[in-house]
Amino acid sequence: MQILAIALGGCLRAPPVRYGLTEDTGGHIAYILGAMAALARDPRVERADIATRLFDDPALGRIHAQPRETLSAKSDIIRIDSGDRRYLAKERLARDRAAFTRALIEHLRGADRLPDIIHAHFADAADVARQVRDELGIPFIYTAHSLAHDKAQMMESSPALAARLREEDRAIAAADAIIASSRDECERQLPAYPSARFDRIHRLRPGVEAGNVPAGDLQRAEKLIEPFLRDPGRPMILAIARPVRKKNLVRLVEAFGSSPELSSRANLVILPGLRTGMKQGEEEQRDVLLDLVDAIDRHDLHGVAAWPSRHDNRHVAAMYALARRSRGMFFNPALIEPYGLTLIEAASHGLPVVATCNGGPSDIVAELEHGLLVNPLDPADMQQAMLRMLDDEVLWQRCSSNALTNIGGMNWTDYANGFLSIAQDIAAGAASERMPRPARMLISDIDNTLTGCRTGARRLSAFLSRKRAQVGFGVATGRSFVEARRLLREWDMPVPRVLIASVGSEIYWRTKRGFVLDRDYAAALDDGWNAQAVLAALADIPGLVPQAAIEQRRFKCSFFADDPGVLAKVRSRLDALGIEAKAILSHDRLLDILPARAGKHAALAHVAAALGLPQGSIVAAGDSGNDVDMLAGSERAVLVANHHEELRGVAGLTHVYTSRRSHAAGVLEGLLWHERRSRPREAADVAA
Numbered sequence: 001m002q003i004l005a006i007a008l009g010g011c012l013r014a015p016p017v018r019y020g021l022t023e024d025t026g027g028h029i030a031y032i033l034g035a036m037a038a039l040a041r042d043p044r045v046e047r048a049d050i051a052t053r054l055f056d057d058p059a060l061g062r063i064h065a066q067p068r069e070t071l072s073a074k075s076d077i078i079r080i081d082s083g084d085r086r087y088l089a090k091e092r093l094a095r096d097r098a099a100f101t102r103a104l105i106e107h108l109r110g111a112d113r114l115p116d117i118i119h120a121h122f123a124d125a126a127d128v129a130r131q132v133r134d135e136l137g138i139p140f141i142y143t144a145h146s147l148a149h150d151k152a153q154m155m156e157s158s159p160a161l162a163a164r165l166r167e168e169d170r171a172i173a174a175a176d177a178i179i180a181s182s183r184d185e186c187e188r189q190l191p192a193y194p195s196a197r198f199d200r201i202h203r204l205r206p207g208v209e210a211g212n213v214p215a216g217d218l219q220r221a222e223k224l225i226e227p228f229l230r231d232p233g234r235p236m237i238l239a240i241a242r243p244v245r246k247k248n249l250v251r252l253v254e255a256f257g258s259s260p261e262l263s264s265r266a267n268l269v270i271l272p273g274l275r276t277g278m279k280q281g282e283e284e285q286r287d288v289l290l291d292l293v294d295a296i297d298r299h300d301l302h303g304v305a306a307w308p309s310r311h312d313n314r315h316v317a318a319m320y321a322l323a324r325r326s327r328g329m330f331f332n333p334a335l336i337e338p339y340g341l342t343l344i345e346a347a348s349h350g351l352p353v354v355a356t357c358n359g360g361p362s363d364i365v366a367e368l369e370h371g372l373l374v375n376p377l378d379p380a381d382m383q384q385a386m387l388r389m390l391d392d393e394v395l396w397q398r399c400s401s402n403a404l405t406n407i408g409g410m411n412w413t414d415y416a417n418g419f420l421s422i423a424q425d426i427a428a429g430a431a432s433e434r435m436p437r438p439a440r441m442l443i444s445d446i447d448n449t450l451t452g453c454r455t456g457a458r459r460l461s462a463f464l465s466r467k468r469a470q471v472g473f474g475v476a477t478g479r480s481f482v483e484a485r486r487l488l489r490e491w492d493m494p495v496p497r498v499l500i501a502s503v504g505s506e507i508y509w510r511t512k513r514g515f516v517l518d519r520d521y522a523a524a525l526d527d528g529w530n531a532q533a534v535l536a537a538l539a540d541i542p543g544l545v546p547q548a549a550i551e552q553r554r555f556k557c558s559f560f561a562d563d564p565g566v567l568a569k570v571r572s573r574l575d576a577l578g579i580e581a582k583a584i585l586s587h588d589r590l591l592d593i594l595p596a597r598a599g600k601h602a603a604l605a606h607v608a609a610a611l612g613l614p615q616g617s618i619v620a621a622g623d624s625g626n627d628v629d630m631l632a633g634s635e636r637a638v639l640v641a642n643h644h645e646e647l648r649g650v651a652g653l654t655h656v657y658t659s660r661r662s663h664a665a666g667v668l669e670g671l672l673w674h675e676r677r678s679r680p681r682e683a684a685d686v687a688a
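So the sequence shown is numbered by full-length UniProt numbering: it starts at 1 and just counts up by one.
One or more of the hints may lead you astray.
For lysine-lysine, the following DSS-like pairs were computed, each having C-alpha atoms within a straight-line distance of at most 25 Å [said to hold, decoys possible]:
#1 569 with 582
#2 74 with 151
#3 151 with 246
#4 582 with 512
#5 246 with 90
The set of hints was computed from the structure by calculation and includes no laboratory data.
Given only the sequences and the hints, what does the whole structure look like? Please build it.
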């Protein structure tokens, strides 16, 4: 497969990249370079090239005037000459887009072979990719990086903002698939656009390089900040961001500087891009840098704050390591952060984080469990989080350990595998595959049932692929639709025939047109359901804390419970108020409230009826509390060996096979056991 990425803005070049050199030279460039390097390493990929604008500006580097720059044996940066050789900031790029598009199409027409797929970064590149597809038939994938949806909620409407929203909606409508990094983008921001289709949205988590830093680089980083600091050995509060208003660096300085306790105990180190003086660069950059210096002066932070004007990639990596060595933290104070690649970089060095609660950081911190979230508009909240991280040794150590343990799940190899899976489906037209009704089905939970052991997952996946004409595959999970597909892709499981999501409150069918929501099932759950009444009824129960907004679904209210005993209180409260609902506790702390007609078993029964299958032809598999009703109510069930203690009552039921093996290997063991048991019954049915 040959892949072409398109990105129009910023100073895109081979490493070392001078991040922050211009307003548009930011994290998306690290993303593109990391993704394409991983794809180029994959033996299934012949070429992984990047197309960008050619410009000639000596102050930004002569390399940007070179038509081609080699990244690796299978990857180049191809700079397209549109005829305008000036560097253009994002506001002015639109004027050059038509010329760039014509030049790119002409370049592709002259190539020995066309790319199989284009990956467009930002909506302007998606517009270029759409025109390339119209001319040359190459499908494209779109990654937005930073959507205007939240910006539109926070700012007064303007013609420029309205135009950007329309352009993003056109990109969403035109793309053959959309890739985003965070659940927030996939499940809240993108669906807010009129043209969004949930089945085209995929979540792929970007990777990060290993956090090993040579001793020489640590010394270079120390020398970079020592001139600013009286006591370099203090805990370091580190921030790395471009000097633009949405990164909220000035408020971080204000929060730090207005707390005598913080400024007397810690150092604030900010890497706010690159500069050669306060009067150079784009207007917004100049304004933010002046505001930073003004805040440092007003709070008299000289000697406890550092803001070097020059740094490179090695300095950045070493600064994370220095911050960890000082028992400090990384702080991302952005007003809105679409993803937050710096939080992953910090994790790779074992550095705890404090981050904005708006956008991708809520996903990253929840998955890596390596920090705290704050309101970026509330300096007091920011101060409290910084002080807590400084004071609580147990918290700091837990966050640091979690970071190093959990970061392995975020790597570029998994990203490349996921990207190729999506790209190959698009190129092959996988949605046109016939979807015959299966004679039998496996419907399995995902977390710790299908996942947990790579060897077992490969064996089960191979069996299901080999037997797909006889055994259909479906999943029933507490995860959202987007997250379920991400996990199945990361574990190389087959695409399911049916996907039961959000603890049995949503059903999605795979069809020739992609996945579609089962609206009949949704209509049945809607009758008499009032999520707001549930939330109000449980608001004052001690030990019950609502989960993040993204976990709340149309037919699911989700909480954290600090004690399994709270389940009885919840059920009693709902009964007393006459609210017909089902309360499900899993892993002793995750509590979901669903309509009385919902749940995994109810969804499984609906699937059986929709397919015209007897429930005895479906094998259900699971491991935790939210699988109880599905396993107990099914005629044939599998309980994997690693099941949670809360399922001990299910283990003794005669129709439930408890596997000797764990995870997917246990699912396969139980499925084969039920298959063997069903043959005499099927033979008797035929004889009758």
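Practice prompt. List in ascending order the numbers of the hints, as given earlier, that are violated by the structure.
Written response: Per hint list: 2 and 4 violated.
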